[in-house]
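Each protein sequence line maps, in turn, to chains A and B.
Following the working numbering, the residues of the first sequence are numbered contiguously, the last one being 371.
Following the working numbering, the residues of the second sequence are numbered contiguously, the last one being 371.
Mixed in with the good hints, there may be bad ones.
Heads up, the list lumps identical chains together, so a pair's fine if it works in one copy or across two of them.
SDA-like, lysine to any residue: derived pairs with alpha carbons at most 20 Å apart [as the list claims (entries may be wrong)]: (1) 334 to 44; (2) 13 to 311; (3) 211 to 312; (4) 13 to 357; (5) 211 to 311; (6) 13 to 27; (7) 13 to 356.
These aren't lab readings, by the way, just hints derived from the structure by calculation.
There are 2 protein chains.
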Amino acid sequence: MNFRLHIGPNIRKSPYFDATVRDGVATFSVYNHMYIPGSYGDPEAEYDRLLNGVAMWDVAAQRQVELHGPDAGALAQYLTPRNLDGTKIGQGRYVPICDYDGHLINDPVLQKLSDDRYWLSIADSDLMLWAKAIAHERGLNVAVCEPDVSPLAIQGPKAEEVTAALLGDWVRDLKYFWFREVMLDDIPLVLARSGWSKQGGFELYLRDGSKGTALWDRVKEVGAPFGIGPGAPNDIERLESGLISYGADMRQQTHPVTPFEMGFGKMLDLNGPHDFVGKAALTAHRDTGITRRRTGILLDGPPVAGNEHPLPLFQGDTEVGFVAEIAHSKRLGKNIGVGLVSADLPTGTTGLCLHLPDGPRTITLADLPFA
Amino acid sequence: MNFRLHIGPNIRKSPYFDATVRDGVATFSVYNHMYIPGSYGDPEAEYDRLLNGVAMWDVAAQRQVELHGPDAGALAQYLTPRNLDGTKIGQGRYVPICDYDGHLINDPVLQKLSDDRYWLSIADSDLMLWAKAIAHERGLNVAVCEPDVSPLAIQGPKAEEVTAALLGDWVRDLKYFWFREVMLDDIPLVLARSGWSKQGGFELYLRDGSKGTALWDRVKEVGAPFGIGPGAPNDIERLESGLISYGADMRQQTHPVTPFEMGFGKMLDLNGPHDFVGKAALTAHRDTGITRRRTGILLDGPPVAGNEHPLPLFQGDTEVGFVAEIAHSKRLGKNIGVGLVSADLPTGTTGLCLHLPDGPRTITLADLPFA
């Protein structure tokens, strides 16, 4: 179903909003209280650019929570069960954030800009409220704010060519998740090798919201010889690649999930020297073991449309999990999805059932990623 | 501008979603990570029902943050600068919530269900993260969660007739902001005399999300003789009435505002016995005095369309504030709005300027409410 979205002053516009409208954005969603483009009206071309060429995405809604002050590192460490020792200036790291029950409340990338300044590049929840409350109640000497920073992603196999043409050949040496502060003429940026796809690429963290159209147009111009075109975070590619979508795959309010269930328990440092939010609960989860696990699924039958809400997964009459999101992958010639199932159901289990609007589908559990 | 909204699994559907789609919802926005109806395609009829008849609104996105446990009252008090002493079971109170800098981060209605259970009926920010972090870091014995509770509002001068026909004549004696737990056959509700309009009415807090369509249809059926029809929180009426919209009028990330600037400083108990978040900062704000104040505005010229984002307000070349939202009030025959201006500009100040897409408008400062 598609409905009209009313654009009103209670939701923020991205600095790229005007440029995306001019360039034909057709659908929006809302993420971190900001409008985020969903499609430019030609999903197949947008997918094809991401897989075989290069795409530019307005992902300004991936807001930053800045930790600034002498205790910035201490706060960052207290917020995540991952051990951050040895994190270098210029390095980014994926940091699951849990509440005191060990449930995920966000899964940002942490960027260390200096010893006393970190950014958390957040998924769709108000992590600033969480970080502010914890910092203050623990008496840490750190300011928490949302700076004027708005990422623009360049994604796809030709992203490196475009980014090198834009900023220089040095970008080719940037390692995954590493970043550098840089000026593009008068446009202040942080350039990171990152992005929510597995097709390779960069994110340009614009540090001056008044220059959104200027940056968009520079990328568009420099990318033109490489066939760049607009796009947006792509649900089909993310399912093929097994990427995590906070909000769809888990959300504190609706389907709380632990890092162990998501399959990244090994990332946590439960026996290390650091205290962090949820340590006791996560230790208990580890000791108890999981009853659910993240899985890929294959659906039989004709191509599926995307789902609008999580779907319960059945084995006979028994609910054995839920499917977060499904899509038809033309590239793979398969209907695929991700979800959580009972941990005692191994990959290859078949004969499960999902009820779609057009009827039941037989489900087989599959490994992630698909591609 | 209107765009399509993609309905995907990362944003929640309201329990009334299917019923509102069936009844012709045309536009949605997103509020607290949930789709919320904006209009059913006939804004004039929807406004008229609210002013002269009765309307039913899906406001499930006004989620509840539940505080449950021996320290629930202590946590509620620590979260707000308002003195909650003497709050009775069954009573609701408007409670501004500030951060440690004294800036508003939400403005919910607090409902006391029992000595150890409170609900905060929240505006559009993740107050649960805030409350959870503070409760745990302070060692309070209270669980914080989002219960399965979804308000449906009945608003307008005939709302009392409809609600009495639905639940009995006792509802006529319910005082403003008071509530009662009640069953409507097998549908568990909390009925409150409340709602985001000044036209009178009730909110039915549905306590079982599986019964959304059942409740919607009961209200629709019982309300039919009174001419009930679907609607949504109404921007024109809220501007006429001077109601506050967190997100539009202020938002922590984009335009932080203090309670003094919003005009409800008298609600705060800075000299009382209770400690609460932001006490020191708010005391300093009080002592310093405000430099900005909330105001109504009148715009000259032909009827205005609604704005899409906050607009800077000028006196000559000097920016003297911002306007959060504007609309044309047919009832008043005026273009109206709300915003913040320099505190030294009194009501009646004229000759200010707002730049709209169709040209500049002359602005006069006015008292709130307009009607």
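message: Of all the hints numbered above, which does this structure not satisfy? Sort the numbers upward.
response: The structure conflicts with no hint, since it agrees with every one listed earlier.
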